[in-house]
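The task is simple: from the sequences and hints, build the whole structure.
For the sequence shown, the working numbering gives the first residue as 621, with consecutive numbering after it.
These aren't lab readings, by the way, just hints derived from the structure by calculation. Misleading hints may appear alongside valid ones.
Claimed, not checked - In silico DMTMM-like cross-links for lysine to aspartate or glutamate, where the CA-CA straight-line distance does not exceed 25 Å:
| id | residue 1 | residue 2 |
| --- | --- | --- |
| 1 | Lys698 | Glu709 |
| 2 | Lys758 | Glu709 |
| 3 | Lys698 | Glu743 |
| 4 | Lys698 | Asp643 |
| 5 | Lys698 | Asp750 |
| 6 | Lys698 | Glu660 |
Said to hold, decoys possible - Okay, the calculated beta carbon distance ranges per label pair:
| id | residue 1 | residue 2 | range |
| --- | --- | --- | --- |
| 7 | Glu718 | Asp650 | 40 to 48 Å |
| 8 | Asp685 | Thr716 | 36 to 44 Å |
| 9 | Lys758 | Gly719 | 14 to 22 Å |
| 10 | Cys625 | Val715 | 15 to 23 Å |
| 11 | Glu680 | Ala734 | 15 to 23 Å |
| 12 | Lys758 | Pro651 | 44 to 52 Å |
| 13 | Phe696 | Thr717 | 25 to 33 Å |
| 14 | Val715 | Thr644 | 36 to 44 Å |
| 15 | Arg622 | Met653 | 39 to 47 Å |
| 16 | Thr752 | Thr697 | 16 to 24 Å |
Yeah, the Cβ is synthetic: ideal placement off N, Cα and C, and Gly gets one too.
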Amino acid sequence: MRSTCVHARVSPLQALLYRLNGDTNPLHADPSMAAAGGFEHPILHGLCSLGIACRTLVREVAGDDASRLHSIRARFTKHVIPGEQLAVEWWAPLVTTEGVARVHFQVRVVERAALVLAGGVAEFRAQPVDATALPRAKL
Numbered sequence: 621m622r623s624t625c626v627h628a629r630v631s632p633l634q635a636l637l638y639r640l641n642g643d644t645n646p647l648h649a650d651p652s653m654a655a656a657g658g659f660e661h662p663i664l665h666g667l668c669s670l671g672i673a674c675r676t677l678v679r680e681v682a683g684d685d686a687s688r689l690h691s692i693r694a695r696f697t698k699h700v701i702p703g704e705q706l707a708v709e710w711w712a713p714l715v716t717t718e719g720v721a722r723v724h725f726q727v728r729v730v731e732r733a734a735l736v737l738a739g740g741v742a743e744f745r746a747q748p749v750d751a752t753a754l755p756r757a758k759l
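Below you can see the structure in the form of structure tokens.
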């Protein structure tokens, strides 16, 4: 089966920007803490790596319509260093009996040929979700 691959450059500042989500683990920002953890440089948050893969798949597979994304999962296998280039590779969607397109994917760091996300599966709905029909949260 033939695959498709898109490259995405990680900003050198990405780990610092991702900290704004509330994950302030110094492993991702402080070189001395990264060294204490066995890394040469601060590393990117794993969920940020998954987010980059997710954004790429939504853009390329679902026509940039995030409402079609039903679920995504992958196994974290290696770290990513901010500034590296990621290769997001996926195979043609398999359509389930429920009409969900299941896309298998993986992510590699180009510079190190390191597999960083393995066994990935993203599921996309055939039709976008009508957000106006969803129940509203009570505040």
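For each hint, the structure was consulted:
{"no.": "1", "hint": "Lys698 <-> Glu709", "result": "holds (16 Å)"}
{"no.": "2", "hint": "Lys758 <-> Glu709", "result": "violated (40 Å)"}
{"no.": "3", "hint": "Lys698 <-> Glu743", "result": "holds (23 Å)"}
{"no.": "4", "hint": "Lys698 <-> Asp643", "result": "holds (19 Å)"}
{"no.": "5", "hint": "Lys698 <-> Asp750", "result": "violated (37 Å)"}
{"no.": "6", "hint": "Lys698 <-> Glu660", "result": "holds (14 Å)"}
{"no.": "7", "hint": "Glu718 <-> Asp650: 40 to 48 Å", "result": "holds (46 Å)"}
{"no.": "8", "hint": "Asp685 <-> Thr716: 36 to 44 Å", "result": "violated (19 Å)"}
{"no.": "9", "hint": "Lys758 <-> Gly719: 14 to 22 Å", "result": "violated (31 Å)"}
{"no.": "10", "hint": "Cys625 <-> Val715: 15 to 23 Å", "result": "holds (22 Å)"}
{"no.": "11", "hint": "Glu680 <-> Ala734: 15 to 23 Å", "result": "holds (22 Å)"}
{"no.": "12", "hint": "Lys758 <-> Pro651: 44 to 52 Å", "result": "holds (46 Å)"}
{"no.": "13", "hint": "Phe696 <-> Thr717: 25 to 33 Å", "result": "holds (30 Å)"}
{"no.": "14", "hint": "Val715 <-> Thr644: 36 to 44 Å", "result": "holds (42 Å)"}
{"no.": "15", "hint": "Arg622 <-> Met653: 39 to 47 Å", "result": "holds (42 Å)"}
{"no.": "16", "hint": "Thr752 <-> Thr697: 16 to 24 Å", "result": "violated (40 Å)"}
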